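Note that the working numbering has the sequence shown beginning at 1, numbered continuously upward.
Derived by calculation from the structure, the hints in this document are not laboratory data. All clues given are correct.
Lysine-lysine pairs mimicking DSSO-like chemistry, simulated, CA-CA at most 30 Å apart: (1) Lys319 / Lys278; (2) Lys41 / Lys458; (3) Lys72 / Lys195; (4) Lys41 / Lys213.
Computed Cβ-Cβ distance ranges for the label pairs, DEER-style: (5) Glu291 / Gly88: 55 to 61 Å; (6) Ile35 / Thr322: 44 to 50 Å; (7) Asn115 / Glu188: 23 to 29 Å; (8) Leu85 / Lys65: 29 to 35 Å; (9) Asp15 / Asn526: 49 to 55 Å; (10) Gln91 / Lys428: 52 to 58 Å; (11) Lys205 / Pro63: 35 to 41 Å; (12) Arg168 / Leu85: 21 to 27 Å; (13) Pro187 / Asp30: 30 to 36 Å; (14) Glu33 / Arg75: 15 to 21 Å; (15) Asp15 / Ser374: 55 to 61 Å; (16) Asn136 / Pro187: 20 to 26 Å; (17) Tyr452 / Gln114: 45 to 51 Å; (18) Val527 / Ile76: 36 to 42 Å.
This one's a predicted model, so the numbers in the text were calculated from it and none came from an experiment. C-beta atoms are modelled at their ideal positions from N, C-alpha and C, and glycine is treated no differently.
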Amino acid sequence: MKLIVHNIKLSLDDDINSLKRMAAKKLKIDSKEFINFRIVKESVDARKKPDIFLVYSVMVEIPGKIKISNNKDVRIIEENIEEKLVPGEKQLKHRPVVIGTGPAGLFAALVLSQNGYKPLVLERGECVEKRTEIVNSYWNGGELNPDTNVQFGEGGAGTFSDGKLTTRINDRRCTKVLEEFYNFGAPEEILYKAKPHIGTDILKKVIVNMRKKIIELGGEVRFNSKVTSIKIKDGKVTGVVVNGSETIDAEVVVLAIGHSARDTFLSLFESGVEFIQKPFSVGVRIEHPQELINKAQYGEAASHPNLGAADYQLFYKLKDRTVYSFCMCPGGVVVAAASEPNMIVTNGMSEYARDKENANSALVVSVEPGDFGSSHPLAGVEFQRNWERLAFTVAGSCNAAPIQRLGDFIEGRVSVKLGTVKPSYTGKTSFADLNLCLPVFVTGPMKESIKYFDDRLKGFGISDALLTGVETRTSSPVRIQRTDTFESTKVKGLYPAGEGAGYAGGIVSAAVDGIKVAEQIIKTYNVL
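Produce the complete structure using the sequences and hints provided.
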């Protein structure tokens, strides 16, 4: 008999044996009867400081059966027979093509490979090993490579992030995503932590292992292979053009291009692919000392080794806007994340250890299509570009990011010196007024939210908190319309997927969307 036992509270100093004893106590049996035992969820309960607990759910397998009818913390695990994928009747003439190696593209390619479809994967940027060298060169003052940067290259934009694996979606495929990441080298704790993360350092190794498996199963992965146009005939995709010259025939193309592929968006739109505008959010990165966040969240227990670097999530709702923290990176750095010249874009990144001095998070405000100033389907792209160019200009047009102390931002004056928070930004910085490179309907709500956030996270509103601008790539500014079979509404055989297509909002949800698309292709087509 397999059971899930919920709501087991332990002190920070308890160990695995204590966990087993508490689980056995809830089941009213001896822990020696356990055949199997594993943690399925671990979270921190810090609501009543200084009493902080680790809260667990565990899986227990025992011989025979026990009565659990009056125990709300125990449930029986029902056998979940996964639906077997049966190949469809349509015969493929060419191997499927997957464009992009972010989570959606990688997982679509992996599932296709695992089922014998041997996809061709095309990535405009470099492999992750060379990509890391190119990105580091840019951060150290080198030229921006428009095809290999924080947004483009093997692994997608998530490669230079915190590797967060939290998601709000409830889909059975989330388990597969976590299990595959673990199989390819991520730490086992991602299978049970309430807020799992891999870290950019480990994620890079995981991605390489995924690539090797796709190739081992018969797939092909090509880098520096930018799809410059899609071949369409009679409303059906017939192939792709790579680097403006090479034509590759294909009747099935997975479009997993990421939220920053602006040139590809335009090419697709001009080819007749249907786009609509989509809301997203813009703002800045805000940095605090990680120690301040730890103390605010954990109080006297802040330094306990079983807690690690604390995070936070904040929301402030106005009548027609929401201000919120996004992609919070404990013990991380703010990174230069532009993908086009003469523009400044920020993002956050943490390694697995999360041991850097500062905590950073996006502090963003929701924007709607009505804010874009045009009804054109790609108007959100131009909206982003406008503020990215202004950030470049107000910081001196020298490829520096504008920075400002929070107190000075609220008062509308340029900072003249740093306070207690030093910038972690991976490129150059310059003092500037961030009020000049974001719209008033964003800066106003941001300022209004600070006291509210400070009341909920003591110290959030300190004057020395450091802002770096601008954060514009929170999600895709477009949605590529698709049917119930995941195909483009205007082009049969073209499968928009993931965050860039407007159907996901993070690593796990993008990966799940890629899996869904791959499953649909398998159900529709037979292998070569």
